Amino acid sequence: MNYRDDSFYIAQVLDGNQAAFATLVEKHQQLVFTIAVKILRNREQAEEIAQDAFVKAYAALSSFKGEAKFSSWLYRIAYNTAISAGRRRKPEYAAIDESLTENYTTDEIYPQVEAMSQQEQIELIENLMQRLPEEDNLLLTLYYKKEKSIAEVAEITGYSQANVKIKLFRLRRRLYEDMQQTLEKMV
Amino acid sequence: MDNNKNIHNIDDDFLKRLIKLSAEEQVSAGFTQKVMQQLPDVQEQAVATEPSRRWVWFVAGVAVLAAIFFGGEEIISRLASVESFQVYRQLFGSVIGSFSKGFSTIHISSIGVLIIIATGLLYLTNLLLRRWFDRNPSAT
Chain A
0 MNYRDDSFYI
10 AQVLDGNQAA
20 FATLVEKHQQ
30 LVFTIAVKIL
40 RNREQAEEIA
50 QDAFVKAYAA
60 LSSFKGEAKF
70 SSWLYRIAYN
80 TAISAGRRRK
90 PEYAAIDESL
100 TENYTTDEIY
110 PQVEAMSQQE
120 QIELIENLMQ
130 RLPEEDNLLL
140 TLYYKKEKSI
150 AEVAEITGYS
160 QANVKIKLFR
170 LRRRLYEDMQ
180 QTLEKMV
Chain B
0 MDNNKNIHNI
10 DDDFLKRLIK
20 LSAEEQVSAG
30 FTQKVMQQLP
40 DVQEQAVATE
50 PSRRWVWFVA
60 GVAVLAAIFF
70 GGEEIISRLA
80 SVESFQVYRQ
90 LFGSVIGSFS
100 KGFSTIHISS
110 IGVLIIIATG
120 LLYLTNLLLR
130 RWFDRNPSAT
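Residue numbers (numbering that gives the first Met the number 0), protein chains in the order written: chain A, 0 to 186; chain B, 0 to 139.
Rather than coming from a laboratory, the hints here were simulated on the basis of the structure.
Mixed in with the good hints, there may be bad ones.
Listed below are the simulated BS3-like cross-link pairs for lysine-lysine, each with C-alpha atoms no more than 25 Å apart in a straight line [stated by the list, open to error]: (1) 26(A) / 33(B); (2) 19(B) / 68(A); (3) 166(A) / 145(A); (4) 33(B) / 55(A); (5) 15(B) / 184(A); (6) 166(A) / 33(B).
Interface residues of chain B toward chain A, partial, derived using beta-carbon atoms under 8 Å [unchecked claim]: (7) 20; (8) 35; (9) 123.
Some, not all, of what chain A presents toward chain B, calculated at C-beta under 10 Å [stated by the list, open to error]: (10) 20; (11) 53; (12) 57; (13) 113; (14) 120; (15) 123; (16) 128; (17) 139; (18) 143; (19) 164; (20) 168; (21) 170; (22) 175; (23) 178.
The structure displayed is predicted, hence computed values, not measured ones.
By construction, the Cβ of each residue, glycine as well, lies at the ideal position given by its N, Cα and C atoms.
Based on the sequences and whatever the hints tell you, model everything.
Here is the structure:
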């Protein structure tokens, strides 16, 4: 479906046409849900949180000034709502190694992964990402899968752009290290 | 290894292609309708769960108790003697002055009148808090 710019639908909603909000929901529901499900790792709860995020955004739409992109503003609401909902849970994952040394060589990893079938590649990456803490999993998804810019990721998560870059650098290294270990076990 | 060089070393087509392969959970059918059904209730929900509302009633209670114990005139005279209050007094001198005069000339001792005044002030506080929460939905 071809959508118009968000500002068109926002103006319609603010003009009293509530049905126009449905288009905004359809347009952004998948990423709002993805953000919630990555943070909460629970499909049912994530759907509820995604709905809450849209309702909050609707209630606050008149205060949206258009200084940031509407999508970033909406995703930020979804992110904060999901974080608040999942805050009671204790972290279950080990902290990322802070050293700057890279303990992997892509020269060894690339050919092995390329030799795998697509299904094996999917299983490998899903398994590796599943081991990461929720927020780290989300950062990788936003940047590499959804191709959001550093600035957008920073707006959504509330981290500074420099912090996002550092986190992505460490996550990338961790993924490769874990990938190398997994491939060594397979051999 | 140079830290700055590594920090910028995040663009990775291999990783991007691999992560794009990973499955994405799809939002269930009827999601939009579920959201739209909740929208008409936004105002009611906001009234029922608004965090500011609890604060309003809490402050209302404290104000009424203070009015009962100190009396309106004494509250004004006490406020007027606080140093930091003098700044506001200068800024809004005429308003506060007439308010203070009104209290001293009328000699309000009726709790009912004090409650009405407290309620008016709380209504304004409520408006300010609601505006703040509406502008910061991510703070809730």
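Here is what the structure says about each hint:
1. 26(A) / 33(B): holds (15 Å)
2. 19(B) / 68(A): The hint holds at about 24 Å.
3. 166(A) / 145(A): holds (17 Å)
4. 33(B) / 55(A): holds (14 Å)
5. 15(B) / 184(A): holds (24 Å)
6. 166(A) / 33(B): Outside the cut-off at roughly 36 Å; violated.
7. 20: holds (5 Å)
8. 35: With a minimum Cβ separation of about 5 Å from chain A (threshold 8 Å), the hint on residue 35(B) holds.
9. 123: Cβ of residue 123(B) sits 19 Å from chain A, so the hint is violated.
10. 20: holds (7 Å)
11. 53: holds (5 Å)
12. 57: Result: holds, 6 Å to nearest chain B Cβ.
13. 113: Holds: closest Cβ of chain B sits about 9 Å from residue 113(A), inside 10 Å.
14. 120: holds (6 Å)
15. 123: holds (8 Å)
16. 128: Check passed: Cβ of residue 128(A) comes within 6 Å of chain B, closer than 10 Å.
17. 139: Residue 139(A) check passes; min Cβ-Cβ to chain B is 6 Å, inside 10 Å.
18. 143: With a closest approach of 4 Å, the residue 143(A) hint holds.
19. 164: holds (5 Å)
20. 168: holds (5 Å)
21. 170: Check passed: Cβ of residue 170(A) comes within 9 Å of chain B, closer than 10 Å.
22. 175: With Cβ-Cβ at 8 Å, under 10 Å, it holds.
23. 178: holds (9 Å)
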